[in-house]
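Q: Sequence:
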Amino acid sequence: MPRPPRCRRVCSLPTSEGFAPSGCSQDTAVVILRIDEYEVIRLLDLVGLTQEQCAAQMNVSRTTVTGIYDTARHKLADALVHGKRLLIEGGHIKLCEHAGSCCHHTCCHAGKNNQKGD
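Using our numbering, read the sequence shown as starting at 114 and increasing by one per residue.
Warning: the hint list may mix true and false statements.
Derived Cβ-Cβ restraints for the label pairs, each shown as a range [said to hold, decoys possible]:
hint : residue 1 : residue 2 : range
1    : L159      : P115      : 29 to 35 Å
2    : F132      : S174      : 28 to 34 Å
3    : T163      : C137      : 18 to 24 Å
4    : H205      : S138      : 18 to 24 Å
5    : R175      : C137      : 34 to 40 Å
If you're looking for bench data, these hints aren't it; they were derived computationally from the structure. Built from N, CA and C at the ideal position, the CB exists for glycine as well.
Make a model of the complete structure from these sequences and hints.
A: Laid out in structure tokens, this is it:
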């Protein structure tokens with residue numbers, strides 16, 4: 114039996130619930146991007162962190178970040194290439210306790226107070 118997934122620390126929730134191609138109807142196919150996948154894309158591609166820095170900030174291993182990143186990139190490509198709606202929701206996450214005062218680019222609280230078993 115696989116062990117349960119560890120909570121991934123997220124510093125801010127997405128400002129949009131999703132995106133859709135122009136002229137798309139409600140019955141258009143949907144791709145679900147989990148919030149932890151969104152956070153990995155934000156940290157690696159937008160903020161420019163390394164996978165090691167991203168892993169420390171999210172309180173997971175670097176190999177976990179690599180897996181999340183690969184899955185997220187595949188989902189984004191599927192949505193773009195096939196004209197599917199993209200929804201951002203769900204995932205096994207824990208919102209950073211400093212989310213209201215955090216800079217949201219690189220959490221200055223990452224690595225502090227990491228709890229085992231999250």
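Q: Which numbered hints does this structure break?
A: 3, 4
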